[in-house]
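Enquirer: For reference, the chains in residue letters:
Number of protein chains: 2
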Amino acid sequence: MSFLKRDHNCGELNINNTNEIVTLNGWVNIKRDLGSLVFIDLRDRYGITQLVIECEINPELANFALDIKSEYVIAAKGKVRKRENPNQNIPTGLIEVVVSELQIINKSELPPFDISGENEASEELRLKYRYLDLRRQKIMSKMLVRNEVYKITHDFYYDNKFVEIETPVLMKSTPEGARDFLVPSRLNKGRFYALPQSPQIFKQILMISNYDRYMQIVKCFRDEDLRSDRQPEFTQIDIEMSFIDQDDIITLNEEFVKTLWKKILNYEVTTPFLRLPYKEAMSRYGSDKPDTRFDMELVSIKESVSNSEFVVFKEVIEKKGDIIALNAKGCAKYSRKQLDDLTEFAKKYGAKGLAWMKIQDGELKSPIAKFLNESEIENIKKATNLEEGDLVLISSDSWTKACTIQGALRLKIANDEGIIESVKDKFNFLWVVDFPLFEKDDESGKVYSMHHPFTAPHPDDIDMLDKDYYNARALAHDMVINGHEVGGGSIRIHSSEVQSKMFNLLGLSDEEAKDKFAFLLDALKFGAPPHGGIAFGLDRLVMLLSGTENIRDVIAFPKTTSGLSLMDGSPGSVDNTQLAELGLKLV
Amino acid sequence: MSFLKRDHNCGELNINNTNEIVTLNGWVNIKRDLGSLVFIDLRDRYGITQLVIECEINPELANFALDIKSEYVIAAKGKVRKRENPNQNIPTGLIEVVVSELQIINKSELPPFDISGENEASEELRLKYRYLDLRRQKIMSKMLVRNEVYKITHDFYYDNKFVEIETPVLMKSTPEGARDFLVPSRLNKGRFYALPQSPQIFKQILMISNYDRYMQIVKCFRDEDLRSDRQPEFTQIDIEMSFIDQDDIITLNEEFVKTLWKKILNYEVTTPFLRLPYKEAMSRYGSDKPDTRFDMELVSIKESVSNSEFVVFKEVIEKKGDIIALNAKGCAKYSRKQLDDLTEFAKKYGAKGLAWMKIQDGELKSPIAKFLNESEIENIKKATNLEEGDLVLISSDSWTKACTIQGALRLKIANDEGIIESVKDKFNFLWVVDFPLFEKDDESGKVYSMHHPFTAPHPDDIDMLDKDYYNARALAHDMVINGHEVGGGSIRIHSSEVQSKMFNLLGLSDEEAKDKFAFLLDALKFGAPPHGGIAFGLDRLVMLLSGTENIRDVIAFPKTTSGLSLMDGSPGSVDNTQLAELGLKLV
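Respectively, the protein sequence lines represent chains A and B.
Take the first sequence: its position 51, counting from 1, is numbered 149 in my numbering, and each next residue is one higher.
Take the second sequence: its position 168, counting from 1, is numbered 266 in my numbering, and each next residue is one higher.
Some hints here could point you the wrong way.
Copies of the same chain are indistinguishable here, so a pair counts whether it falls within one copy or spans any two.
Cut-off 25 Å, straight-line C-alpha distance, at most; resulting in silico cross-link-like pairs (SDA-like, lysine to any residue) [as the list claims (entries may be wrong)]:
#  : residue 1 : residue 2
1  : K445      : R284
2  : K317      : G670
3  : K236      : I518
4  : K612      : E221
5  : K614      : T658
6  : K259      : E110
7  : K287      : T658
8  : K226      : T265
9  : K544      : S607
10 : K544      : G448
11 : K683      : G145
12 : K614      : T265
Don't read these hints as lab results, they were simulated from the structure.
It should be emphasised that the depicted structure is a prediction, and the values quoted were computed from it without experimental measurement.
Using the sequences and the accompanying hints, generate a full structural model.
Expert: Pasting the structure below:
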């Protein structure tokens, strides 16, 4: 089991070490046999160092090296010398180690895919052999960025007097929003813990407990049908503060993000960030997490056609809906097929159809032109700045839906037209504020919290809770970077009366509220301070900082979109004895 | 919702702030009404500041203050002045704030127990109202120590080039040792994730993946019958290193503990720690986690009675067992009842009975004296240093059991006799090394890993695996402080052949091993480096650093020994629809 132990790593030797005798350990990245010389690129976490075996001087060693293959773990001892052909691309590129002693510490079978190069195997294969995938520079560099994010985060909040406190992983199931993972209790058969979707209530409890400033980097869990950018377990930077207002939260956390970008990318973030009210974000960009790196803003053409006899417009105006248009500059060239595709795409967001209008070769074309009079068409052209070569897309629907559909089209077209590619090195930081407190499900008419039921109403709208509550704003804030929501939070309710009223508005009776949230309602009665906070999606921040759109690239051991771990084969089956001990059986 | 926001906290004002106008927020710790003056001790996380209301100068304010009760959240604005009666015990004790403006931010009901004082309510009541319990100085101070431990830990390992990597919480069930918590998968009905008992395999995988040095502060889970010092979820400082030997692990982690003790307690730990081989720890202290703050060592009296005709001794000598004695100095005074209690206590550790021998008033008394000859008694007296007033306890059994019984008695007597109390301010740091690789269940004869099946055999004992494997030593190391095992680790097996052999010795067929650990066995074939590590029990370290024997004092939201959270009522019941979605039903 003993081996020739390294005294240096593979990333640190340089010209100053010339003539030193060193020992290195690592993996064989590449071996090149030139007959009289054998070169081995030896790799570890810290870098690559070139080993050279001089076959004529040391034929025995040369012979021994014949057996060495890629990904073997070896030890090499030898003298550092200046390279004849330096490699300026790597820090150790000016030197090589002339090997005098060589040891195979462990062998390796032929890896199922290339580790040293740029060629990408299928993700399925890479996830099955994740231990090899993690060796690749592309993945390793992201893990190292993630490590820096942990460090900077801990330091930043520690320096700002935040206390790190662990909240429970085994907690009470709260059937709010997305689904809980359940954990059957063996000691209490028939009863279940739940894994936290977030430590929301616990961090509020900690404010009531006088901890003033709380932080935690914490795993959260959601048993949702997975989308490509979701994982059943994900990591949150969880923050809560007492005796503060929304500005305090916003200012401090802007500073945090500024620090991250500075330390990791040496990128200067300008603060304060833009604060976009929700209504403005929706009407200009059709999204509550707008990508503002490019313009291409939406425009309402309701005024342009306010007296139109066109039945579609007329109806939506009567219903107090809206007509939202988007000028896809230069897209008049789109084929019939492309327009059909856009319509299909819009339908995914609830559109019944998609109207359009374009000017090509001086001629205005639109399937709805025949329903509109000349001045209405002129108004639309003016409102949307429709010019030769442009394509205007139009949705008429409820304001929220029409904006959402056009917002989705905006992103799709920006993507298809290479606009997003052209701004990919830009970062755009902003807050969306003044969210509605509630949202209504159009079909069931049921009212939900837009964030969560602990979000404080805007102080100017507090009276609306008794009548016009659907229009009340929340003291909520989402941080958005390049169209990604990287963090969300709010000022919380610290009055037990307001909290009870909120539960009632959400359709929970006093008993139901008590059953589910008794301990929070109780806690609020014993001196709760004004408090609020934010939670950042750490995975998302690392994705932005390391330039990937694939969440699985920034998680060491991710799951597939079906929730499978291809490496260890989980979830797995368990035997009936084990289930019986939990008081359960499969149906 | 708006309030008079603080510009200072309650722990920072001092004589230099005299005459400044300040605003404070906090909780009313104590209010004292002296007629012409009302004093309020205002508390927040940072300290306590005395507010004073001058009733004659400001009768309106005095009147308003009548309503203020303990634990109300208030804001107070006023001028800082030097106190007439300074309190030297608190940093802010030289000043007070003469209030000019007062605001009740939130009220509090009468708390169910005293928060400001030293009086302790029942633990059950405190856990139900944990949000109030957490406000108490006694608990808060431990949470703040815990916060420092996180910080020092992250910094120490970061500075030593460790990479923090998150391993999965939802993983594969491995039916080894203690029990896994299971998590049913909704997307894959009938299949289950398990919560990690430790990230052992994942950290080894990360070494195979070239991460060189890994650390994580990580929640682990064990669904065991809880003992008073166990929790179903607990926190580990998890460490793994590549290209190292056992000395490297030991040296680095001694440095870590030294740093913790220095930074938190300003206590100088002497390194290197003593390293006690397992056999020595057992024979001298009867424990693999000996408390060496006091002597009271065990002694074998097998040689003293090697030719005895006494059937109990004779039999155990023939069976290659041992006869282990403990001199409880000054305990000859123990009553018959006390001796009976000791016997009952010994039986909990598997003793069939408990022999004793004492000298009281010059007379030797012992129930076994009549079976021994004079020279045997003399030998025992000499071996155990039995003197006037002493009580010697004797166990004859297998070596392990006899040592274990006497080791437990050693601790019990040290506790009963106030010896442990007398050394409570001492810290004693040591390693136990040279553990056996295996332990055998006396009844079933089944062989288990003493640590876990990935532990490397001692290089000197590697050949024993083929014959005398039960006596082979492991390259394992446990760190022990004051009789508590605070950390355990080992060098791991990095050869897939040795690992397969280990599984076979543990009674797993090749198929079973493959079924359970295929991915590890596979990973070992692709270039595994020599590696090893350690895991510290963070809760245990915080207990030692904050001077408590109660694990629930150092966890913000602990569970009872029945696994219940009295605050949120978890685990709770879930409805049948939810179970049906998981493909489960209660039996």
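Enquirer: All the hints need checking, so say for each whether the structure fits it.
Expert: A quick look at each hint next to the structure:
1. Taking the closest pair of Cα atoms, K445 and R284 never come within 25 Å of each other, the shortest separation being 48 Å inside a single copy and 29 Å across copies.
2. When the C-alpha separation of K317 and G670 is checked against a cutoff of 25 Å, the pair qualifies both within a copy, at 21 Å, and between copies, at 21 Å.
3. Taking the shortest Cα distances, K236 and I518 sit within 25 Å of each other inside one copy (22 Å), while across copies they are farther apart (55 Å).
4. For the identical chains of this complex, K612 and E221 are inter-copy neighbours only, at 24 Å across copies versus 47 Å inside a copy, given an alpha-carbon limit of 25 Å.
5. Proximity of K614 and T658 under a CA criterion of 25 Å is satisfied inter-copy only: 21 Å between copies versus 33 Å inside one chain copy.
6. Taking the closest pair of Cα atoms, K259 and E110 come within 25 Å of each other only across two copies (13 Å); inside a single copy the shortest separation is 36 Å, beyond that limit.
7. Taking the closest pair of Cα atoms, K287 and T658 come within 25 Å of each other only across two copies (16 Å); inside a single copy the shortest separation is 32 Å, beyond that limit.
8. Taking CA atoms no more than 25 Å apart as the test, K226 paired with T265 passes between copies only; the shortest distance there is 16 Å, against 32 Å inside one copy.
9. In this assembly of identical chains, K544 and S607 lie within 25 Å of each other by CA distance solely inside one copy; the values are 15 Å within and 57 Å between copies.
10. Within a single copy, K544 and G448 get their C-alpha atoms as close as 18 Å, which meets the 25 Å cut-off; across copies the closest is 64 Å, which misses it.
11. Taking identical chains as interchangeable, the C-alpha atoms of K683 and G145 are never at most 25 Å apart, the minima being 52 Å within one chain and 54 Å between chains.
12. In the homo-oligomer, the alpha carbons of K614 and T265 lie at most 25 Å apart inside one protomer (18 Å), although the nearest pairing across protomers, at 31 Å, exceeds that limit.
Against the hints set out earlier in the document, violations occur for numbers 1, 11.
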